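Chemist: Whole structure, please, built from the sequences with the hints as guidance.
So the sequences go chain by chain: A and B. Mapping the first sequence onto my numbering, position 212 (from 1) lands on 212, and the numbers just tick up by one. Mapping the second sequence onto my numbering, position 300 (from 1) lands on 300, and the numbers just tick up by one.
Treat the hints as calculated values from the structure; they're not laboratory data. Hints are supplied without guarantee of correctness; some may be wrong.
Pairwise CB distance ranges (calculated) [as the list claims (entries may be wrong)]:
#1 A:Ser198 / B:Gly260: 26 to 36 angstroms
#2 B:Ser67 / A:Ala100: 56 to 66 angstroms
#3 A:Lys33 / B:Gly260: 52 to 62 angstroms
#4 B:Trp121 / A:Ala234: 55 to 65 angstroms
#5 A:Glu151 / B:Tyr22: 49 to 59 angstroms
#6 B:Leu458 / A:Ser253: 14 to 24 angstroms
#7 A:Thr134 / B:Trp23: 51 to 61 angstroms
#8 B:Leu95 / A:Glu82: 30 to 40 angstroms
#9 A:Ala100 / B:Ile30: 43 to 53 angstroms
#10 A:Glu82 / B:Gln410: 57 to 67 angstroms
For clarity, every value in this text was computed on a predicted model and none was experimentally measured. All C-beta atoms in this analysis are idealised placements derived from N, C-alpha and C, irrespective of residue type, glycine included.
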Amino acid sequence: MNSNELNSKKVNLKQMNSVQMTNSSNALRYLTKWRYASSLISVVLMLLSLTVIGVKGFNWGLDFTGGVVTEIQIDQHITASEIQPLMTAAYQQDVSVISASDPGRWVLRYANIPDENQRPELQQVLAPLTSNLTVLNSSIVGPQVGQELVEQGGLALLVAMLCIMGYLSYRFEWRLASGALFALVHDVVFVLAFFALSQMEFNLTVLAAILAILGYSLNDSIIIADRVREQLVAKPQWNTTDINNLAVKSTFSRTMVTSGTTLLTVVALWIMGGAPLEGFSIAMFIGILTGTWSSISVGATLPEFLGLKTEHYLIVPLPDTP
Amino acid sequence: MTSIDNNKPFNKQLNKYAQWKYWVLIVTLIILFLSALPSWYGEDAAVQLSTKPTNTISSEQVYKVLSHAGISSKRIDQQQQNVLVVLQQADQQTLAKNILSESFADRAQVTLALAPAAPNWLLNMGFEPIKLGLDLRGGVQFLLDVDLDLVFKNQSTMVSDSVKQFVRQEHISGVLVRQAGGAEVSIETTQTDDRGLIRQFIAEQYPLWQVSGHQDTLLVSLSDSEQVKLTNLTVQQNLQIMRSRIEELGITEALVQRQGENRIRIELPGVQDPATAKNVIGATASLAFYPVAETGSVNAIVLKDESDQPVYVARKPVLGGDHIVDARAAVGDFGMSKVNISLDSAGGKLMSDFSRDNIGKPMATAYSEYSRNDKGQAQQTTKIISVATIQSQLGSKFEITGAGTHQEAQQLALLLRAGSMTAPVTIVEERTIGPSLGAENIVNGFAALALGMAVTLLFMACWYRRLGWVANVALIANMVMLFGLLALIPGAVLTLPGIAGLVLTVGMAVDTNVLIFERIKDKLADGRSFASAIDVGFDSAFSTIIDANFTTMITAVVLFSIGNGPIQGFALTLGLGLLTSMFTGIFASRAIINLVYGRDTRRAIKV
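Modeler: Structure follows, in structure tokens:
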């Protein structure tokens, strides 16, 4: 209100312009409420997510735990309860028998790798049930390899985060940068929580998806931050809340279109990609959704709470946008 | 007409690309299109016969054998010593290989291969289909762990043995020599003078070892740089051994590469039965030194050397390769290449006794491999790798000269070390992907790509009617470029996660255009003409586009450098997709828009 009065006293062409802007900033005020509400939801979701991860943990895939996984194709009438006891007896450990996408396809998994020469042949083990068995694929991962992959994956996440932090702090003022960064953490935590809650297998491709989410989630936040920076310089007399509203409003249609097309393609991957890409597509799907959400609820709002102001960008003389 | 004067200077700079830019665009697109084309045709299963130049097989002979067995072939190419049979049906590949290797067992080596199905004019231009990863093609993959502890332990045994011997010779008492694990030996004595003597001995005999004192204890350890060197040598030599063994398996497109410090990754596309491959990979090698016997002697065994010439050697070797601790190629006096060999103390004693009595006589080095054949029976192959004359009495350290060029000396050193490092390799990871599953993955992946592409094209056309088709042309160009680049870049492999990366790229690539179009909309709303809105829109969106793509690029680069196998495939298509989408989204679509709408000075247009 104060700035309104100040502006109205100036009589020149610029004044016209700024009155127009103030009007539009007033018109956007309703957005503030929504943004704050979304931030609150995000905070609650974060706390819930962390709890879920803490309580349930992950269903680590073979890539990380080591062990043996074999996918087989057998006669359709054979059931898991027939396979299970044969497997357990032969390999002397708990063997999980999971139905795969098609009827007659089974995924057999057990943790301890028997010695090379004493490993019973699957054909012989399941001979009482069927003689018509095809091994579609099999993976044997030693425990030390699994451990290494966990370390490698953690390292990849860490390095990617650090590089992104470096780039953000170089490119944006720290308040805007931390907005984008927290939005990113928000998305990764949320996707992780989904995998903890659903106990879907967390394997290497899901890890790749999470790293890709790092990139994509930032995308939306950065585009809003870019707009905020631009408007802070262009409209020094506006307060930050209004600038944020304007930035969110003016990038909204782009955010919707891009997230929309990316979501569509991810859904295509989900439907057509088959079992190997299922975890990947689901992780990406959730990641893109929360990425869009968090770019508004965290990416745009957090810098405001951290006290982002016009003068943070006025120190560097930038040419006025035309 | 009246506005001509107003617009003339304006139009000159606005929305006009120089002609060369169009040429760059068109030439790039044509080249990448041609490069992408062979992948469209795919590859046919083939069998290759390699013969000796003196004993070639004609394509007619091959055709006869195959048609007799009821296997139809698309074509049979003969190129000097090689005959390539391209099969009609991929599932007959193994059958064809077995039949051919039976028929031409003594004359040719038969290997499985893939032949591009694209027309010849395309292949003659040097374009090839995209290489597919194991998850799309089917095959077996192994990760081997090279056990370095054993190598280091052998080294420290050698040092501790020779220190013990030195102590005995010099009649020093009260010395305790122990292997401290790894490449370390600890020596304990209360006498300061003795410690000095031992220090001096080690400095003279084993200059690569470092001695550090701690009260009464001397700690002798291999220097870090030397440990790294030893590690590299050992892994390198195992790589070499694996390569030559897999060559014998008859898989032309096998991949054998080092991964990390002491791992070896082996990918065998097309192999369906890991057992055979495992027998070959798990084979152990050994080495022995034999006294050479007179040619034709009855009390001798005959071994072939590398050029298939028979060498008569005594029935009992002087010593086995298990006594060899180290072997390295070096340059000796007069620039002659030689191989330095270190034996353990027992080996040194045997060699010393033998060589004392046999100065001037030749000694042969034999290399044996034990492996299992198809039927699981153990078999041994032995060949002579060198015959050298004994010049003087030898000790635990001696050298072989006359091994030929430096390269040959290195090869010999490699083989000698191979004998000393028996079975240090264990399989820590094994993955088999059936061929049907690979084919299924390809079908699923590309179905997802087609669906994703169709939905995106439709959406863009409906949402940005006037500009949407430009974005769509740019998107199609983007895909062509991506496939072209994947085929062109050496070592680029398409995996299932890689296809996922392609699908994601489709969704994200339009972002560049969306950002620009939204800016143009804004500028039109500000009351600018269409042409000027285009100009300003592209300029103001540019830095945002770079910012948005750069962070994804960071993750792609990190994934590529840290991840492995399939994940690298994902990182590759993700990263390349970003580059091509920026090229087509900014450059190509601007080029089109400039041509079509560049002069459109109407205002209040809806896009």
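Chemist: 26 to 36 angstroms was suggested as the range; check whether the CB atoms of Ser198 (chain A) and Gly260 (chain B) agree with it.
Modeler: Distance hint for Ser198 (chain A), Gly260 (chain B) holds at roughly 33 angstroms.
Chemist: Lying within 43 to 53 angstroms: is that true of the beta-carbon distance Ala100 (chain A) to Ile30 (chain B)?
Modeler: 44 angstroms, holds
Chemist: Using the Cβ atoms, figure out if Thr134 (chain A) sits within 51 to 61 angstroms of Trp23 (chain B).
Modeler: About 54 angstroms separates the Cβ atoms of Thr134 (chain A) and Trp23 (chain B), which means 51 to 61 angstroms holds.
Chemist: For the hint 49 to 59 angstroms, verify it against the beta carbon of Glu151 (chain A) and that of Tyr22 (chain B).
Modeler: 50 angstroms, holds
Chemist: The hint says 57 to 67 angstroms between Glu82 (chain A) and Gln410 (chain B); measuring C-beta to C-beta, is that right?
Modeler: At roughly 58 angstroms between Cβ atoms, Gln410 (chain B) and Glu82 (chain A) fall inside 57 to 67 angstroms, so the hint holds.
Chemist: State, for the Cβ atoms of Ser67 (chain B) and Ala100 (chain A), whether the hinted interval 56 to 66 angstroms holds or is violated.
Modeler: 40 angstroms, violated
Chemist: Return holds or violated for the Cβ distance of Leu458 (chain B) and Ser253 (chain A) against the range 14 to 24 angstroms.
Modeler: 18 angstroms, holds
Chemist: Does the Cβ distance between Leu95 (chain B) and Glu82 (chain A) fall inside 30 to 40 angstroms?
Modeler: Cβ of Leu95 (chain B) to Cβ of Glu82 (chain A): about 34 angstroms, so the range 30 to 40 angstroms holds.
Chemist: Against the range 55 to 65 angstroms, how does the distance between the Cβ atoms of Trp121 (chain B) and Ala234 (chain A) compare: consistent or not?
Modeler: Given range 55 to 65 angstroms: holds, Cβ gap about 57 angstroms.
Chemist: Are Lys33 (chain A) and Gly260 (chain B) spaced within 52 to 62 angstroms by their CB atoms?
Modeler: 54 angstroms, holds
In terms of the numbered hints stated before, the structure departs from hint 2 and from no other.
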